Amino acid sequence: MGRRIWIDVTGLRPGSDAGLYGLHLAEALACAGQPVQPCLRAPGLIALSLNNLRAAMTVAPLELTQAELFRPAPPRETPLQSEDSADLPAAGDLVIFLSLRGDGSRMAQNGAMLVLLATNVTTLSRPEWRWPREVDEAAIFLRDTAPHIAFGIAQAEESAGVLRRAGISVHRTMRGAADGGTPVPNPSHPRPFIFASGEIGEAGQTRQLLPVWRRLLETMPEGAVPDLIIAGPIGPQAADVLEQLWNCRFIEGRARVILFPSPAQIAGFARDCVFAISMSPGTGWGRGTLNAQCMGAPCLSAFHSYGAVPFDPENPAAVAARIRAWLVDPPVKPPLFNRTWDDAARDLLRILPA
Amino acid sequence: MTRNRLLIAVSPAAVESEWRSVVGALAGAIEALGQADMLAIRTGSSGWVRPADRAPVTAPEYGDTILVAGCGADDATQIGLLEAARIAGARVAVYVHDLTPLRRPEWFAPDHTARFGHWLQTVLSLAQLVIIPSSATGRDLDAFRRRHNIADHGTRKLRLGDGVLPSSSDPSPIQGPYVLLAAPFDQRTGHGVVLSAWRRLGARFAPGTLPRLVLAGGEGHLCGELRERLARGLPDVTAQFGPSPAELAALFAGCLFTILPAPVEGWGLPVTESFALGKPVFAANSGGLPEAGQRLARYFDPLDPDDLARNVERALRDQGDLSRWQAEIARGHQKRGWMDAAMELLGLIAALA
Numbered sequence: 007m008g009r010r011i012w013i014d015v016t017g018l019r020p021g022s023d024a025g026l027y028g029l030h031l032a033e034a035l036a037c038a039g040q041p042v043q044p045c046l047r048a049p050g051l052i053a054l055s056l057n058n059l060r061a062a063m064t065v066a067p068l069e070l071t072q073a074e075l076f077r078p079a080p081p082r083e084t085p086l087q088s089e090d091s092a093d094l095p096a097a098g099d100l101v102i103f104l105s106l107r108g109d110g111s112r113m114a115q116n117g118a119m120l121v122l123l124a125t126n127v128t129t130l131s132r133p134e135w136r137w138p139r140e141v142d143e144a145a146i147f148l149r150d151t152a153p154h155i156a157f158g159i160a161q162a163e164e165s166a167g168v169l170r171r172a173g174i175s176v177h178r179t180m181r182g183a184a185d186g187g188t189p190v191p192n193p194s195h196p197r198p199f200i201f202a203s204g205e206i207g208e209a210g211q212t213r214q215l216l217p218v219w220r221r222l223l224e225t226m227p228e229g230a231v232p233d234l235i236i237a238g239p240i241g242p243q244a245a246d247v248l249e250q251l252w253n254c255r256f257i258e259g260r261a262r263v264i265l266f267p268s269p270a271q272i273a274g275f276a277r278d279c280v281f282a283i284s285m286s287p288g289t290g291w292g293r294g295t296l297n298a299q300c301m302g303a304p305c306l307s308a309f310h311s312y313g314a315v316p317f318d319p320e321n322p323a324a325v326a327a328r329i330r331a332w333l334v335d336p337p338v339k340p341p342l343f344n345r346t347w348d349d350a351a352r353d354l355l356r357i358l359p360a
Numbered sequence: 025m026t027r028n029r030l031l032i033a034v035s036p037a038a039v040e041s042e043w044r045s046v047v048g049a050l051a052g053a054i055e056a057l058g059q060a061d062m063l064a065i066r067t068g069s070s071g072w073v074r075p076a077d078r079a080p081v082t083a084p085e086y087g088d089t090i091l092v093a094g095c096g097a098d099d100a101t102q103i104g105l106l107e108a109a110r111i112a113g114a115r116v117a118v119y120v121h122d123l124t125p126l127r128r129p130e131w132f133a134p135d136h137t138a139r140f141g142h143w144l145q146t147v148l149s150l151a152q153l154v155i156i157p158s159s160a161t162g163r164d165l166d167a168f169r170r171r172h173n174i175a176d177h178g179t180r181k182l183r184l185g186d187g188v189l190p191s192s193s194d195p196s197p198i199q200g201p202y203v204l205l206a207a208p209f210d211q212r213t214g215h216g217v218v219l220s221a222w223r224r225l226g227a228r229f230a231p232g233t234l235p236r237l238v239l240a241g242g243e244g245h246l247c248g249e250l251r252e253r254l255a256r257g258l259p260d261v262t263a264q265f266g267p268s269p270a271e272l273a274a275l276f277a278g279c280l281f282t283i284l285p286a287p288v289e290g291w292g293l294p295v296t297e298s299f300a301l302g303k304p305v306f307a308a309n310s311g312g313l314p315e316a317g318q319r320l321a322r323y324f325d326p327l328d329p330d331d332l333a334r335n336v337e338r339a340l341r342d343q344g345d346l347s348r349w350q351a352e353i354a355r356g357h358q359k360r361g362w363m364d365a366a367m368e369l370l371g372l373i374a375a376l377a
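Residue numbers (our numbering), protein chains in the order written: chain A, 7 to 360; chain G, 25 to 377.
Quick caveat, the hints were computed from the structure, so don't treat them as lab data. Given the structure is predicted, the values throughout are model-derived calculations rather than measurements. For every residue, glycine included, the Cβ atom is placed at its ideal position computed from N, Cα and C. Careful: at least some of the hints might be erroneous.
[To be verified] Simulated coverage check for chain G against chain A, where a stretch passes if three residues somewhere in it have a Cβ under 8 angstroms from a Cβ of chain A:
(1) 129-136
(2) 253-262
(3) 328-340
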């Protein structure tokens, strides 16, 4: 049996940016004929088929309405099943960790090479934005697993810096790709809108959009401020911002919130928006920015690495000023950026040792 | 002052606000005028009583004036009472501190916002006199009246007293230099911009040299996640939940200066409180805060942590500037007692007669 590429998705939440990154990458590697094996530690090793990985990582989209916000969540189906023996990676295998979770040292015992392909390093850079358990697990990972990591791959220079400060050697950066959905055929929204894509919660800085919109509405002529469409997975500390949106009836009917948007929805919003804005700072994998660029939408981005127009998401005054400037003087649409997950898989294979 | 009675309807929310002080001072002022029997108070939906001995008094009648002290949106009986009083020939004055539930509905439960809007619309149409703390509230009120086609029967500005805290000689519970944000832990206060500014300052100061940021106040609305972040600990930040007035006074006495970042405020009691206790203030440049701080406070954009960080850094690095600023406040602040505010209020009400 030849070398296998294990992709460790332990702890990645369904519908999360990191979970989708793992899914897209695993599928692209499989399409490229690579012996890819998604797995998770729970705590014994569970091997997942691509079908089960897809079932585990995708969530049906949900548009929030006032009624939805306080509807009890339906019980989640648990599609995960062990499909084959939980043998440990063998000597010569590669194990790619997508997150900094817990103790993975056992996976190195048989001589497998461990690689960290970090998709989100906010547990290290901004622990106050994450769940305490995530932060604790990252500390365990740094203590027990990081010493066995052969090398790290970061999504961008910002996250490479965070990993290096935590003692992980990062040689290369590698970007992901857009979700790659086919846009919905009909207009995605009846009025002009700005598309804010990213994790809903503190790490996605969604909270800042409310004061930003208040300032725009108070300082611009009536009718000059487009609607706001927020789309993304739910992250830590999302309750307050969702409650505020509900309290003000979604900015008096000017805002929509779509949880876990489908690739088709994302592509449709990116196609139809006045411009896109990605509030997640430069520590994820730039999903919002890549999705906008893939559809040729001008993009303001807190993720500074992929050529979008950068800004500081923690400064709502500056965000409002940037948006106002683009509303007054609309940006030129950038050329389409056609990068697929097949490209990402090829890049990864070039980085990994033969 | 006429021989007619003044009846003050204090809403349950106002009982816990600065109106507790102004009502107390007003009662004292009227007592000093030898007319204690001319004052009655109603808290929430209770009956009217004389504050001196809690003895019940009769309902409002011809010639009396009812002063509605603060938002009565949560008092279901208030509007009916005011309508009956108007029919009986009593006059109605209302104090409107701010219109925040309408300007920032995201900070309030939707039913409160709806009740507030209804209450304000009704009370404005019943009142012969509207008292406001600032021109900022006046502008919001004008816009509300235009939107709802309500005539202005008379609006007057009343400057509130400086503060409610005693001066303190107790030692501060915080060791080392610190900066104070004394306000409820609430979305309205705008803690986020100050925490972001402190994070920026942390990167500019050598380790251990940045004064602590002390957040002190009661627990407000929509602050669960803020509280969670604070409980986990942020560098150079200390949170004091629910300090007593004496503890708060000691915190004021020991701080370098204070910060008030609230983006929407009718007035700035913590600003004048700081001045009264001799402390400089960085205040948001919006709402009623610039009217409270006049030229003695320094201002920043409440949505711009870089602006605040720049201002604070200058003050922290230039001790001479901070001392001069403090001296300027000691010289320039015109003290305003609650008795002065009460006497001015009585004058406004007397002019109604």
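Quick rundown of the hints versus the structure:
1. 129-136: holds (count 6)
2. 253-262: Holds, because 3 residues of the region 253-262 of chain G bring their Cβ atoms closer than 8 angstroms to Cβ atoms of chain A.
3. 328-340: Coverage by chain A holds for the region 328-340 of chain G (4 residues, Cβ < 8 angstroms).
In this structure, none of the earlier numbered hints is contradicted; all agree with it.
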